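Engineer: Whenever a hint applies, use it, and build me the whole structure from the sequences.
From first to last, the protein sequence lines are chains H and E. Start counting the first sequence at 21; every next residue gets the next number (my numbering). Start counting the second sequence at -10; every next residue gets the next number (my numbering).
Please note that the accuracy of each hint is not assured.
Dumping the calculated SDA-like pairs for lysine to any residue here, alpha-carbon to alpha-carbon at most 20 Å [to be verified]: (1) Lys33/H <-> Ser22/H; (2) Lys90/H <-> Val9/E; (3) Lys184/H <-> Asp435/H; (4) Lys82/H <-> Asp17/E; (5) Lys297/H <-> Pro287/H; (6) Lys99/H <-> Ser129/E; (7) Lys82/H <-> Gly22/E; (8) Lys184/H <-> Ser233/H; (9) Lys297/H <-> Gly199/E; (10) Lys82/H <-> Ser129/E; (11) Lys79/H <-> Ser129/E; (12) Lys82/H <-> Arg20/E; (13) Lys79/H <-> Gln126/E; (14) Lys313/H <-> Ser228/H; (15) Lys313/H <-> Ala340/H.
Keep in mind the hints are simulated off the structure, nothing from the lab. It should be emphasised that the depicted structure is a prediction, and the values quoted were computed from it without experimental measurement.
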Amino acid sequence: MSTPLERGVETLKAQVDARVESYFSSCTGCGVCAEACLFYLESGDPRYTPIYKTEPLRKVWKNEHTVWGKLAAGMGLSKPITENDLSDWEELVYDGCSMCSRCSMVCPVGIDIAYLIRKVKEGLAAAGFVPEGLQIAGERALQFGSPMGLTEKSLRNAIAALEKEEGVSIPIDVEGAEYLCMLSSAEVVMYSEYITALSKIFSAAGISWTLSSKYFEATNTGVQKGDSGLARQLLERLVDVATELKIKTLISPECGHAYTTFRWDGPNILGREFPFKVVHILELLDQLRADGKLKISGSFDERLTYHDPCNICRRGGVLAQPRHLLNQFAPNFVEMDECGEMNWCCGGGGGVSSNERAEPLRLKVFDIKKRQLDALNVSTLVTSCSNCRTMLEEGLEHNEMEDIEVIGLTELLADHLE
Amino acid sequence: MFEQLVDGILWDIALVVFFVGIIWRIIDVLRRGKRQDLSVPRNSGVPGAIMANIRGFFPRREIAPRVRMKVIAGYMFHVGLLILLFFAAPHIKFIEEHITGFGWTAMPYWAFLVSAQVAFAGLILLWIHRLLHPVTQLISRRDDHIGAILVFLVMLTGCMALAEISSELRVFHRFTVELLMIYFPFSALMHAIMFVPSRAYSGAMFGRRGVDL
Ligand code: SF4
Ligand code: SF4
Chain H
21 MSTPLERGVE TLKAQVDARV ESYFSSCTGC GVCAEACLFY LESGDPRYTP IYKTEPLRKV
81 WKNEHTVWGK LAAGMGLSKP ITENDLSDWE ELVYDGCSMC SRCSMVCPVG IDIAYLIRKV
141 KEGLAAAGFV PEGLQIAGER ALQFGSPMGL TEKSLRNAIA ALEKEEGVSI PIDVEGAEYL
201 CMLSSAEVVM YSEYITALSK IFSAAGISWT LSSKYFEATN TGVQKGDSGL ARQLLERLVD
261 VATELKIKTL ISPECGHAYT TFRWDGPNIL GREFPFKVVH ILELLDQLRA DGKLKISGSF
321 DERLTYHDPC NICRRGGVLA QPRHLLNQFA PNFVEMDECG EMNWCCGGGG GVSSNERAEP
381 LRLKVFDIKK RQLDALNVST LVTSCSNCRT MLEEGLEHNE MEDIEVIGLT ELLADHLE
Chain E
-10 MFEQLVDGIL WDIALVVFFV GIIWRIIDVL RRGKRQDLSV PRNSGVPGAI MANIRGFFPR
50 REIAPRVRMK VIAGYMFHVG LLILLFFAAP HIKFIEEHIT GFGWTAMPYW AFLVSAQVAF
110 AGLILLWIHR LLHPVTQLIS RRDDHIGAIL VFLVMLTGCM ALAEISSELR VFHRFTVELL
170 MIYFPFSALM HAIMFVPSRA YSGAMFGRRG VDL
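Structural biologist: As structure tokens, then:
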């Protein structure tokens, strides 16, 4: 029986691939990555330097894969990873990194630092160094299918209530529908306007769609935690559901990491291509617009800006679509100074939002977003990720800026249908 | 005796270690392979890999003001060093005699002095920054300092040798170069080669997703 520390170290060793080898061999220690990281910039603490967060993996790489490391090991001089190291890095990686990938965009030698941090999480998770909130969310996701503990019954109740109150029709478990809409629990519990909006838009566009009652949750706590076993389990059942329902396209909801998980990482996590297409809801809406199936009427005249969720824009590539859509009906849409692929994170990605311990730091790093918003003087902040939405609302409340309303793009669009 | 060693066997060893070491490091990366990406790409990864290698030479607009000093000093050092390496008259002569069999036009002496000063200024600025800035202080390793010291010694002895202060200095310059060549493949100096696959890997990944790195 190996100890948790041994499991962690072994898992880190298994993470070394060609990219890791190339990346660590390239790092010059220039520190440029720090200048792109909201956690370093807002805290001023050099320990939040992105590449420093990968130190446990670098140590393993150095000890196992470099001449000096092997030499030192042979002479009994190498410094092995300790429990203290893992405990220190648990805080740095889970509290002080939202996996936003901004650092990866600026490294002069091209290191995808977020890729390395994700691998560090694998080692920490294997050794049991995971914040309590994320641990619990993972257990709930496995047991109930939702990190918030929502069950099939709660979904059905929420849908029935929406159909009654909003007078919309929301199909569930329709076999052979063209589109399967995944949801995040937040969209069922807090932002059900999103589901209503889907119904209105799809009915106007004449689209056949369905929800799944069995597994509807798009978020993947395994990915946030860095536990690829859990990520695989959660993903596998969603793919099974989509396959059983014989849908053609899976729609990833207004959630950042769900999109990168389904669209980009999922097939690699499962080791096979999906038998259906994956699109983000904004991609579909923009396609409907381009096909003339989305008739917009009226305009939203408030001054508004758009917050790009990191996993949808920078790591997802959905950059132009929200802008095309907003430009249809929002004449006073203005951009933040750094947006699109160089946006600033809300601070709550990568599982930080599920980690209560990280809240003070998260609210501190929100100052960047606050300054961006202060400079624009907007009354509405549009986004396309329910996690970002919650983080933005909390950040605005913390800074007494509740006069800015936060709203999802799908919902805003549905309000401007012909 | 020392001169014979430096001009003879040590040079041969340095040359072999340098080239075999670099090739071995590159093979070490490539042999690990990269799992095929099973996601359906939005674009091909190839242009992304190429463009990332080109764009990487310029800092992004959003970050440029914060890293101006590092970029300027970095360019001063690297460009100055490359000019010295390939256009200083003794280097061309050496390369012609020992490696290529042909030479090219050398830069004038004044240009050598300017390049050397620019490269020195860049290296010293980067080094001071490394020692004083809290971030670089924290993430710099012994290897980074050894590499910087070796390069500094190579440049210093090279300038002194060219100024012909004494004939031993030429030998000493070659000796420091040989040390640097032996150290290079096993150190962070390998960034001079490995930045290409690193930018390519990341550029291809982002490129497939439709994002310009
Ligand atoms: S910017 Fe890149 S090369 Fe520089 S310290 Fe960070 S990871 Fe290393
Ligand atoms: S991914 Fe984002 S939060 Fe994490 S280290 Fe990089 S810049 Fe900082």
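Engineer: Look at each hint and say if it fits the structure.
Structural biologist: Here is how each hint holds up against the structure:
1. Under the criterion of a C-alpha separation no larger than 20 Å, the hint pairing Lys33/H with Ser22/H is consistent with the structure, at around 15 Å.
2. Taking the CA atoms of Lys90/H and Val9/E, the gap is about 19 Å. The hint holds against a cut of 20 Å.
3. Taking the CA atoms of Lys184/H and Asp435/H, the gap is about 19 Å. The hint holds against a cut of 20 Å.
4. Pair hint Lys82/H plus Asp17/E holds up; C-alpha atoms about 14 Å apart against a cutoff of 20 Å.
5. Among the hinted pairs, Lys297/H with Pro287/H is consistent with the structure: their alpha-carbon atoms are about 11 Å apart, no more than 20 Å.
6. Pair hint Lys99/H plus Ser129/E holds up; C-alpha atoms about 17 Å apart against a cutoff of 20 Å.
7. Between Lys82/H and Gly22/E the alpha-carbon distance is near 19 Å, which keeps this suggested pair within the 20 Å criterion.
8. Taking the CA atoms of Lys184/H and Ser233/H, the gap is near 18 Å; set against the 20 Å cutoff, the hint holds.
9. Between Lys297/H and Gly199/E the CA atoms are separated by roughly 17 Å; this keeps the pair inside 20 Å, and the hint holds.
10. With a C-alpha separation of about 14 Å, the suggested pair Lys82/H and Ser129/E falls inside the 20 Å cut-off, and the hint holds.
11. With a C-alpha separation of about 14 Å, the suggested pair Lys79/H and Ser129/E falls inside the 20 Å cut-off, and the hint holds.
12. Proposed proximity of Lys82/H and Arg20/E is supported: the alpha carbons are some 18 Å apart, at most 20 Å.
13. Annotation: proposed proximity of Lys79/H to Gln126/E holds, straight-line Cα distance about 17 Å (limit 20 Å).
14. Pair hint Lys313/H plus Ser228/H holds up; C-alpha atoms about 14 Å apart against a cutoff of 20 Å.
15. For the hint linking Lys313/H to Ala340/H, the alpha-carbon distance of about 19 Å falls within 20 Å, and the restraint holds.
The structure fails none of the hints (numbered hints given earlier).
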